[in-house]
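Model the placement of chain R on the given structure of chain B, informed by the hints.
Chains as they are written, first to last, in the UniProt record's numbering: chain B, 1 to 325; chain R, 1 to 832.
Calculated from the structure, these hints are not laboratory results.
Certain hints may be false.
Mimicking SDA-like on lysine to any residue, the simulated pairs with C-alpha atoms at most 20 Å apart in a straight line are [what the hints assert, rightly or not]:
| # | chain 1 | residue 1 | chain 2 | residue 2 |
| --- | --- | --- | --- | --- |
| 1 | B | Lys179 | R | Leu368 |
| 2 | R | Lys326 | B | Arg206 |
| 3 | B | Lys203 | R | Ala358 |
| 4 | R | Lys326 | B | Asp205 |
| 5 | R | Lys458 | R | Glu486 |
| 6 | B | Lys180 | R | Gln391 |
| 7 | R | Lys600 | R | Ile747 |
| 8 | B | Lys179 | R | Gly365 |
| 9 | B | Lys232 | B | Asp87 |
| 10 | B | Lys179 | R | Arg364 |
| 11 | B | Lys179 | R | Asp369 |
| 12 | B | Lys179 | R | Arg360 |
| 13 | R | Lys600 | R | Ala663 |
| 14 | B | Lys179 | R | Leu359 |
| 15 | B | Lys179 | R | Leu367 |
| 16 | R | Lys600 | R | Pro656 |
| 17 | B | Lys180 | R | Asp369 |
| 18 | R | Lys255 | R | Lys600 |
| 19 | R | Lys458 | R | Leu240 |
| 20 | R | Lys326 | B | Arg114 |
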Amino acid sequence: MNTHRTVSRGLITVLVALVALAVLGWATARSSMSHGALLGMLPFAAVLAIAALGQTLVVMQGGIDLSIAGTISLTVVIITHEAYGNDAKVLPAAALALAAAIAAGLLNGLLVGRLGLNAIVATLGTNALLYAAVLGVSGGTPRQTTDLMARVAGGTTLGVPNAVYFAVVATAVTTVLVKKTVTGRRFEAVGASGLAAWAAGLKVDRFRGGAYVGAGLLYWLAGFLLAGIVNKPTAYEGDSYVLASVAAVVLGGTSLLGGRGSLVASALAGLFLTQLQQYVLALGETYAVQTLVQAAALAIGVALYTINWRRLRSPQRTRALPASA
Amino acid sequence: MNEQTTVAVVPAMMALTGISKNYDGVAALTGVDLTIRSGEVHALLGENGAGKSTLMGVASGAVVPDAGSITIGDQTYDRLTPAQAGELRIAIVHQHPALMPDMTVGENIRVAVPAEVLRRDGDTETTMRAMLADVGCAAHLDDRVESLGIAQKHLLELAKALVVEPSLLILDEPTAPLGPDSVDLLFDRVRAAAAAGAAVVYITHRLAEVRALADRVTVLRDGTVRGGAATADISDDELLALIVGRKLESTFPAKLSDAEAGEPVLAVDGLSGRGFHDVSFTARRGEIIGISGIVGNGQSALLRALAGLEPFTGTVQVGGSAYGPKRLRHRCGYLPADRHREGLMMSLSVRENAALSALRLFTRGPLLDARAEAEAVAGQLRSLAVKTPSQQTMISALSGGNQQKVVLARALLSAPAILVADEPTQGVDVGARSEIYRILREIAAEGVPVVVASSDAKELEGLCDRVVVMSRGAVVQTVEGDAITEQALIHAAVRATGHRREEVAARPGSTPLRRFLLGDYAPVVILALVMLGLGAYVYSTNDRYLSAFNITSVMTSCAALGFIALGQTIALLVGGIDLSVGPLAGFMVVVGSFFLNDGKSGPVMLLGLLLMLLTGAGTGAVNGTLIRYARFTPVAATLATYIALQGLSFLLRDSPGGNIGTAVTGVVTEQVGPVPLSFVLLVVVALALEVALRRTRAGMRLRAVGSNEESARRVAVKVTGTVIGAYICCSVLVFLGSLVLLAQLGIGDPAQGVGYTLSSITAVILGGTSLLGGRGTFIGTLLGAGLIVQVLNATVFLELSQTWQYFFQGALVVVAAVAYSRVRGADPIAKG
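Excised from the complex, chain B in its bound form (with noise of 0.2 Å):
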């Protein structure tokens, strides 16, 4: 065991992870690292790692978030056919959006939090729930969406994509939250041990409910940018999320089991799996190799925190030692 806090080490493996992808990308297919491309990549990867913080804030709390999928498609499917073709509703349609996936989150919230149900069935019955309104409100059909949600999410100020600046905010506020407040420290206890968080006075229900809150939130952002990016999004964009995030934050270095998590790591994973399966894209692959590609990173991420490397490469002294000695 790390007798010391490993608290960069997710960071540091993503880090690296980003920059030999871009390396790669520079050496061995140019097009992946053009202009253009990034332009077109940024937004996507803002999405995910917004996706992803949220995902996180579960994660740490020992659970996972199912309902992922039926949160940012219906905030999806809210915004795009409330609002559809009229820029004056698109206030009110993402206000809706936010009260239904703050709705989402509090009932994850009481079922984990205070009921104590394991997080995959209650966020799998929320999910099937979500889902029934995002039929409810779409029909199953997709529609365009709005100019303005198009140039506020879509868009780019100085040459960056909007979306990557409502990351980087999110990102930030999320982790000063989390790392550097008197709740956000309390909410990492309680990650790390329920029990002696609740022995220590802690309100242990609030702080596990309040984790899916808190990711209701961010997917609603998620959504939200979402909603503006896709030129004409489908009922089900949430769909692909699930496992993207739970691949990132698990790439970010947070354990499935909870406790510490790194958020800035989770943020940076969704950036390199998105950048990763542009890179596949622009070697000319097929759909099948990059879903290949990204399971096999999400194999190898995972293996960098859990296997023994010290151990492999020196194997126990038993085995040399004769019975007799």
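Okay, now just chain R, sitting in the frame of chain B:
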């Protein structure tokens, strides 16, 4: 024991030679030699972290030594496996019982003790009952171990060790949780085992036990042997000197003189709660209050109430102001008996643990002031003399005594109104003990009331100014001043009850209804009723619901989902989860679509089937290997295979293709009347698996691993093999599901199958299987799958939109999960 001190040449049962063991570069044992003789009780003494338990782990096969050898008779081994140790009849009673909480007492015995041993006297049940009676364990064979008290668990553990008539019996601090009655019985049994020729190793902290029991004593310190002798040839002082390396001047700080005691600072009046009732006492400024009594008579419950962790009635006044549970939880410094679970965040640093309760004091505006925090923590650590490399060191790297001091530091930093300590020196070495006594005394002197519960009456005698003796949850006597002696305390506890009760069964009476509700089969009955009700309702609105066509179609859908969900059940029972089942089913269909077409020969088709099966077995093996050898969490491992299998499906076919042959479809969709054969097979497989789960050793091993992996490993269950086997079995069941799916789809479509991951998990949850592992039924899963398919089908007949399909699924999951967890009384805090 003096008549046994003649040193005869007794044969060595086991000789440990040059044993060394490192954990991540830290030496736990260095070149330890130890000879254990048959017919002797050999006490192993030493401070915490001296290496006693590690050494006995080596002797019992639980720990692999880095160097050294183990000689038993004329055989020499590098290491023992738990299985070998079992064959050699080496039995160990662990400090933390190796029990599976989700299994019954009987199942725990059967999974740990060889069947031949249990059949020795004829009937297994009779043997099991006799072995429990032999150690005075009152548990019923059908009780779930989870529902037993800690003392009963230890007695069960002892019974399991004694029944194999061990050649070597190892007891690791066995008396810690036991009351005096059980201790006497334990000593009798240990002596009897030694008299019958067993070698006994007795690990302890208590010199009195060494005197009472041991023929020989060896002292370990810092992983090396410090010395050893026949018990009669060595004095307590000499032993103590060997243990700590220096003579202790005085262990306890001076008590309060009557003149020093101030005004009352704590008044507890008529306090009642679960496990204790009508407790009253007061504490004057400067006094330390002790809570004494036989273990399990309400002392811990009382302390938890004082710490605000349990509800109570009655009043608690601190410094003249009334405190309810809520206020106490915030203002009470609490040192729990189980430090690792309740006292510390083991994955956080010393600073984070120490500062937790006082963070409000270290703020600048809305943010934390890191420097103020570090300074305050440093000051507190210094005044408690905590030995730690730095504040950033992980708390898990500290010794037991220093960890306890960090818990104290946290309590003190928060300026508590009252300090409550449950067994404050358990698992703390001798040196740190006296420091903790000193600190407690200083806190009391500052006017903070201090309440200490201890099972060690000697400790209370040395430490306390006033001791409340409890029995059956009530105060039987309050002893003050010089009257506080070990004897007085024990007498007071014993006299009160007439016959001593080791443990008060605080649980509600077990009625047949309650046993059923708590049992694994309640969900099955509930689901069946829901399905019947739903069926009746839909049929009343549309009589085509029960048409042969609809029955066939529902049952066919159920077969595909059912097989996959049965597989998922195995993964959950073993304490994991398999997210890859959906893509795997889809991938198998794609593989099959290259072989199982019209016009292909029989052998080619067989080859196809074989390849599908191998794909499954391979996936299961990869999942299991990633989890066991690469230490992935089950979610991470099966997420990786999930994505990979999806990629592989698209690699083989980037669009749907490869029509499945009618011959194949015909076989799979064969039916008897309206009932498809595949569905019949599903029911048969589910029933067979159910029987296997309950009756076979493999089934018990599966549940044992899911229930408590560490305990399972210690009772010689091959955990790694069981887990990998479970994932392979899971994938093989997915193979059966994919055959049904193949016939349903009729084509190799790379995008199909993925949805089965979530629906299989839904089915298993509805069936009542616990996601925490160890508990569940295949029958429940079968019905769960049936209900999902039935609901989807019913929405069609009721002409409801897709919105309702999703809504019903979500509502079902939430309602079922909430209902099951309520019935089982899940503790929200304990989870995760």
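Each hint, compared with the structure:
Only pairs whose Cα atoms come within 20 Å are accepted, and B/Lys179 paired with R/Leu368 is accepted, the gap being roughly 9 Å. This hinted pair checks out: R/Lys326 and B/Arg206 have alpha carbons roughly 15 Å apart, not beyond 20 Å. Distance check on the hinted pair: B/Lys203 and R/Ala358 sit about 15 Å apart at the alpha-carbon level, within 20 Å; holds. Proximity of R/Lys326 to B/Asp205 is assessed by CA-CA distance (about 15 Å); at most 20 Å being required, the pair is judged to hold.
Restraint check: the Cα-Cα separation between R/Lys458 and R/Glu486 comes to about 5 Å, which is no more than 20 Å; the hinted pair holds. Taking the CA atoms of B/Lys180 and R/Gln391, the gap is near 17 Å; set against the 20 Å cutoff, the hint holds. Restraint check for R/Lys600 and R/Ile747: satisfied, since their Cα atoms lie roughly 15 Å apart, inside the 20 Å limit. Proximity of B/Lys179 to R/Gly365 is assessed by CA-CA distance (about 15 Å); at most 20 Å being required, the pair is judged to hold.
Simply put, B/Lys232 and B/Asp87 have alpha-carbon atoms about 15 Å apart, close enough for the 20 Å limit, and the pair holds. Pair hint B/Lys179 plus R/Arg364 holds up; C-alpha atoms about 14 Å apart against a cutoff of 20 Å. A hinted pair counts as satisfied when its Cα atoms are at most 20 Å apart, and B/Lys179 with R/Asp369 qualifies at roughly 11 Å. For the suggested pair B/Lys179 and R/Arg360, the alpha carbons sit about 14 Å apart, so the restraint of at most 20 Å is met.
Restraint check for R/Lys600 and R/Ala663: satisfied, since their Cα atoms lie roughly 10 Å apart, inside the 20 Å limit. Pair hint B/Lys179 plus R/Leu359 holds up; C-alpha atoms about 12 Å apart against a cutoff of 20 Å. Proposed proximity of B/Lys179 and R/Leu367 is supported: the alpha carbons are some 9 Å apart, at most 20 Å. Under the criterion of a C-alpha separation no larger than 20 Å, the hint pairing R/Lys600 with R/Pro656 is consistent with the structure, at around 19 Å.
With a C-alpha separation of about 8 Å, the suggested pairing of B/Lys180 with R/Asp369 holds against the 20 Å cut-off. The straight-line distance between the Cα atoms of R/Lys255 and R/Lys600 is roughly 93 Å, outside the 20 Å bound, and the hint therefore fails. Distance check on the hinted pair: R/Lys458 and R/Leu240 sit about 16 Å apart at the alpha-carbon level, within 20 Å; holds. A threshold of 20 Å between alpha carbons decides the hint, and for R/Lys326 with B/Arg114 the separation of about 17 Å falls inside it, so the pair holds.
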